Each structure stands twice: as structure tokens, then as C-alpha cells.
Amino acid sequence: MSVRVSDDVAQRLAKLANVTGRSKSYLVVQALEEFIAHQEWRVKAIRLGIRQADTGKLVEHKEALKVLNKWGKR
Numbered sequence: 009m010s011v012r013v014s015d016d017v018a019q020r021l022a023k024l025a026n027v028t029g030r031s032k033s034y035l036v037v038q039a040l041e042e043f044i045a046h047q048e049w050r051v052k053a054i055r056l057g058i059r060q061a062d063t064g065k066l067v068e069h070k071e072a073l074k075v076l077n078k079w080g081k082r
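Residue numbering for the sequence shown follows the numbering used here, starting at 9 and increasing by one per position.
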């Protein structure tokens, strides 16, 4: 597999590899693994939400706001 990245990304990757003592390949693999895991989680969460909505498992807006407000405001 090969990928093309901008000069900026290539320079940043090289700098990070140098600073961390890791190879560029190692850092790219780590980044891909994290990205893929996050995307898999996201797709799973969206599909779950759609299934719940399709079966009527919804929360009223006011109830959702109550829960969010318990967590605090930023």
C-alpha cells in the first residue's frame, strides 16, 4: 500500500518520528489503527441509533436536555 500526503504532513510525520524515536511507518500504522477503530465505533453507534429510532426508542428533547444539564455546562 502506498499513500500520498502533502509536503506539510510528510514533514510533520518525519519530525514526529525523529522526536519520538519511532519510524514513520510505525506512526502511520498507529494513526490508521486509531482512525479505523474510531470510525468503526462511530458507524456502530450510528447504526444502533437508527435501529433504536426505528423501534421507537427515542427520548424527548426536554429529557435529553435534563440529562445533559446534569453533566454541567461548558
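Simulated from the structure, these hints should not be mistaken for lab results.
Just so we're clear, the structure is a prediction, and the values are computed from it rather than from any experiment.
Any given hint could be a false lead.
[Unchecked claim] With a straight-line cut-off of 25 angstroms between C-alpha atoms, the simulated DSS-like cross-links for lysine-lysine are:
id : residue 1 : residue 2
1  : Lys32     : Lys52
2  : Lys52     : Lys65
3  : Lys70     : Lys81
Taking the hints in turn, this is what the structure says about them:
The straight-line distance between the Cα atoms of Lys32 and Lys52 is roughly 30 angstroms, outside the 25 angstroms bound, and the hint therefore fails. Between Lys52 and Lys65 the CA atoms are separated by roughly 17 angstroms; this keeps the pair inside 25 angstroms, and the hint holds. For the hint linking Lys70 to Lys81, the alpha-carbon distance of about 16 angstroms falls within 25 angstroms, and the restraint holds.
The structure shown violates just one earlier hint, number 1.
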